[in-house]
Amino acid sequence: MINYTIHRLIMMIPVFILCSMIIFLILHLVPGNPVDNLLRPGSPPEAREQLIIEFGLDRPIHQQYIIWLKNIFQGNMGFSITEQRNVSELLLLKLPNTVALGVVSFLISFILGILLGALSAIKQNTIVDYGGMVFALLGVSVPTFWLGLMLMLIFSVNLGWFPISGYGDLKSLVLPAFTLGLAGAGLIARVTRASMLEIAQKDYIAIVRAKGISNTQVIIKHIFRNALIPIITLLGLRLGWIIGGAVTVEIVFNRPGLGRLLANSLFRRDYPVIQGALLLLIFAVMVGNLIADILYAYADPRIRYN
Amino acid sequence: MSLLEVSGLKLRFYSLDGPIEPLDRVGFQLEEGEVLGLVGETGCGKSITAKSIIKLISYSGGEIINGSIIFDHEDLLSKSEKEMQKIRGAKISLISQDPMTSLDPVYRVGDQIIEAIQVHKKLHYKEAKKKAVELMRLMGIPLPKKVFYQYPHELSGGMKQRIIIAIALSCDPALVIADEPTTALDVTIQAQIIDLFNKLKEQFQSAFLLITHDLGVVAQMCNSVAIMYAGNIVEKGSVKKIFHSPNHPYTKSLLECIPKMNQKQKKLMAIPGSVPHPLHFPTGCRFYPRCQYAMKKCLSQHPGLIKVDNDHFVACFKYSNNSNGE
Amino acid sequence: MLIHVSAIINLFILKYNSEGVDRKNIGRKKKKLKLHEEKQYIPRNKNRIMFLKFKKNKMAIVGLIIILLLIFTGVFSEFIAPHSYREQNLPLKNQSPSPNFWFGTDEFGRCIFSRIVYGARISLKVGIISTGISVLIGIIIGSISAYYGGFLDQILIVLMDVMWAFPTILLSLIIVAIIGASLNSVIIAIALSYWVQYARLIRGQILSLKNELYIEVTRSLGANDSTILWKHLLPNAVIPVLVAATLGMGNAIVLEATLSFLGMGAQPPTPSWGSMLSNGRTYLFIAPWSAIFPGVATIITVLGFNLLGDGLRDIMDIKMKE
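Top line first, the protein sequences correspond to chains W, C and S. Per my numbering, residue 2 is the first one in the first sequence, and the count goes up by one each step. Per my numbering, residue 5 is the first one in the second sequence, and the count goes up by one each step. Per my numbering, residue 12 is the first one in the third sequence, and the count goes up by one each step.
Treat the hints with care, since some could be wrong.
To be verified - Across the chosen pairs, the derived CB separations fall in these ranges:
1) 55(W) x 91(S): 55 to 65 angstroms
2) 6(W) x 199(C): 16 to 26 angstroms
3) 199(W) x 157(C): 43 to 53 angstroms
4) 66(S) x 67(C): 33 to 43 angstroms
5) 274(C) x 147(S): 23 to 33 angstroms
6) 199(W) x 86(C): 25 to 35 angstroms
7) 66(S) x 26(W): 45 to 55 angstroms
8) 109(C) x 4(W): 53 to 63 angstroms
9) 7(W) x 109(C): 24 to 34 angstroms
Since the hints were derived computationally from the structure, they do not count as laboratory data. Every residue gets a Cβ at the ideal spot worked out from N, C-alpha and C, and that includes glycine.
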């Protein structure tokens with residue numbers, strides 16, 4: 002188990018370096034020089050030259066990359082012109098809001114999704130199942146931002162239960178977290194149901210039943226336990242999805258978080274922020290995948306011992 | 005009274021093309037300690053018969069619509085699911101076809117043996133473990149204490165089958181239903197498992213219902229045989245009678261298909277045609293499309309089982325005394 | 012790129028037809044029963060089984076109907092829409108639904124119903140073209156990766172893993188930010204963000220098919236690499252990809268709506284559902300209909316693709332493990 006974890010950790014390094022290269026390259030492939038955004042229209046060309054030298058943009062691209070990477074490891078991610086702040090400072094400022102949103106919606110989607118999926122599988126072809134699956138289907142079909150708008154319309158505008166936007170307190174987190182969580186719950190419910198129904202038809206379940214184990218035990222100890230394996234795979238993928246979803250949800254609910262910061266920086270072409278935020282997000286996704294992989298190995302002995 | 009008496013069993017499944025009835029009028033008896041072979045081609049309904057006896061068929065979408073299953077003076081069909089759970093594993097146990105897929109991949113094999121012991125015998129983990137290791141040793145598993153902690157994917161097919169047999173015998177059941185226990189194994193392993201069965205038969209005094217398509221296995225292990233064709237029992241009797249004086253045309257052809265050591269054969273025999281799909285079961289006798297002795301009567305009427313001798317029954321109009329349709 | 016949708020439709024038309032033929036044969040029962048040949052098990056053809064399953068799968072039929080309606084709406088927008096999608100009528104702005112404007116009007120007094128009807132065209136265009144491109148890229152890269160293996164495969168796997176871990180919405184946002192906001196860049200961005208799933212699928216399919224006995228037999232009969240790849244592996248591997256693509260079109264349409272909602276997609280006055288929602292959001296409190304109806308249209312469309320995709324997956328009994 003420890004060997005496996007170490008192996009996976011080492012495997013993360015090249016992937017992370019590759020990602021950082023891609024991020025660095027993509028933003029340098031953009032037409033136009035980043036310094037053009039810094040200059041007022043009509044500035045003399047000398048000022049432009051000076052800025053280029055100041056930012057090291059005249060050096061070969063691989064040197065620029067190494068300098069950039071070195072700075073990042075020293076905690077220096079550059080300076081955001083539009084926000085007038087250090088990028089690392091800015092990211093740290095926005096991070097808690099996104100983490101809170103992510104964690105709560107992650108929990109909502111998994112708890113609700115697994116419960117709904119398991120219930121649908123157990124009560125297959127009953128009204129419970131149909132209801133659950135219609136909900137799940139809507140969950141995967143409804144655009145996140147629209148769900149957010151509608152929840153806002155119903156619960157904030159008409160019922161006045163929750164604030165329309167804002168951040169910091171728990172009440173303002175409810176609608177954004179549910180928006181993001183409900184969409185995920187749909188997919189998880191579908192996967193849970195499908196894999197439980199598949200496992201239920203396996204030979205070993207018939208053998209377990211033939212042992213005289215009670216139905217509840219069969220479902221929990223054997224069917225659900227085996228169905229958990231594909232659900233765990235989803236876990237890692239969901240994290241990336243939630244980070245992506247955070248962009249729209251934070252914009253819809255006007256929450257100051259990483260997603261909204263990233264989207265705004267993309268509009269304004271604030272490259273240091275884009276690079277920093279992307280690196281942070283990729284790191285989070287990779288850690289999420291690592292955790293999922295370790296859990297996966299823990300859940301499935303066939304992987305653990307390979 | 006026999007240990008197990010199945011009679012008039014009729015089973016229904018709902019398929020895309022409407023209901024199908026893969027079993028009809030299935031009946032046989034099994035005495036205590038007896039080994040009965042249930043023989044037939046693939047798709048004739050042997051495995052679902054096995055699952056029907058312990059009423060697991062509803063989990064596969066089937067429904068018993070007629071007949072009775074009397075086990076140990078009790079009518080199983082009138083039992084609730086809760087009552088059946090007390091019988092399954094404790095009094096009747098099941099060994100399934102493919103050892104590769106019959107063990108839960110996420111639990112240690114030892115724990116899978118213990119599961120049944122704990123449920124029925126209410127033993128503590130330690131005692132149950134002792135019993136499980138003892139059973140594993142009895143099954144001829146080398147280093148049972150080590151194997152106890154292994155996962156199914158670490159064991160070979162033969163080892164897995166021994167574990168499954170250990171699970172089946174863990175609570176000293178009165179009846180073990182073995183559904184093609186050797187089919188998925190290599191020939192050498194098959195022989196080992198058959199030897200194991202013969203040994204266990206004496207040791208455990210359980211009755212065995214052995215489902216197979218291999219007449220060789222039947223000859224080695226069984227006391228009596230029931231031959232199944234397309235969801236019907238066509239002939240049943242003691243092994244000796246069936247092998248030496250088969251009556252039903254289907255049984256005869258089956259036996260002719262076995263290559264004989266002492267005869268020079270130019271060509272291996274085969275029965276023309278194949279088992280019909282349950283959707284297209286012929287009316288009347290289900291074997292008549294492939295039968296060389298078919299009569300007009302066979303088309304429309306279903307032959308019931310007729311006693312031809314002591315312990316020997318056949319379902320064929322050739323042997324009915326009151327043959328009025330010819 | 013309409014080929015894909017029309018292929019699926021053709022598939023069903025073919026099945027309906029073959030069903031007709033089968034029925035006729037089965038219906039013509041022979042009256043006289045002969046002894047030996049009659050009532051043998053009739054091997055049922057695969058298409059008929061699939062058709063029976065499709066007919067039983069009401070959800071898939073609903074999905075197909077929704078998609079057909081959507082195509083109809085997209086093709087005949089000019090005849091269906093009661094008003095122009097771009098003609099502004101400021102005195103009539105933000106009107107609630109009425110007999111004249113079924114879904115109300117937006118902040119420029121444009122008929123929302125008409126704009127939704129025209130928007131179907133945009134959604135279809137984005138869904139079909141972007142999915143078409145990403146399926147194409149996916150098939151090419153996936154089959155190269157699977158069939159040739161080795162070092163090339165290793166590199167492609169790392170590339171696919173990296174892209175797979177990356178949230179699609181962010182990827183497409185970045186691409187659009189680089190090449191500039193427009194409907195065409197949205198199509199390109201979606202195509203470049205989604206190909207990985209098809210590549211992984213086709214790679215997995217080919218790898219598992221490669222070890223199938225019939226491929227070995229074909230090879231032992233002397234077939235060369237390209238024959239095996241083109242004639243045996245791809246046709247078999249492609250069916251799950253088509254099913255995934257049906258589901259993928261729904262995702263592509265949602266992604267387009269999201270990007271347009273974020274202001275990175277279709278530019279005014281193009282009646283993209285996403286940009287309509289983006290505008291509607293501003294007027295959510297005074298004219299909620301301008302945010303409700305384009306969303307409902309998007310959901311119904313995506314639902315259609317999801318229902319059909321789910322149905323096809325069940326019918327063809329495909330396991331799409333990711």
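Taking the hints in turn, this is what the structure says about them:
{"no.": "1", "hint": "55(W) x 91(S): 55 to 65 angstroms", "in the structure": "holds (59 angstroms)"}
{"no.": "2", "hint": "6(W) x 199(C): 16 to 26 angstroms", "in the structure": "violated (45 angstroms)"}
{"no.": "3", "hint": "199(W) x 157(C): 43 to 53 angstroms", "in the structure": "violated (18 angstroms)"}
{"no.": "4", "hint": "66(S) x 67(C): 33 to 43 angstroms", "in the structure": "violated (24 angstroms)"}
{"no.": "5", "hint": "274(C) x 147(S): 23 to 33 angstroms", "in the structure": "violated (50 angstroms)"}
{"no.": "6", "hint": "199(W) x 86(C): 25 to 35 angstroms", "in the structure": "holds (27 angstroms)"}
{"no.": "7", "hint": "66(S) x 26(W): 45 to 55 angstroms", "in the structure": "holds (52 angstroms)"}
{"no.": "8", "hint": "109(C) x 4(W): 53 to 63 angstroms", "in the structure": "violated (21 angstroms)"}
{"no.": "9", "hint": "7(W) x 109(C): 24 to 34 angstroms", "in the structure": "holds (25 angstroms)"}
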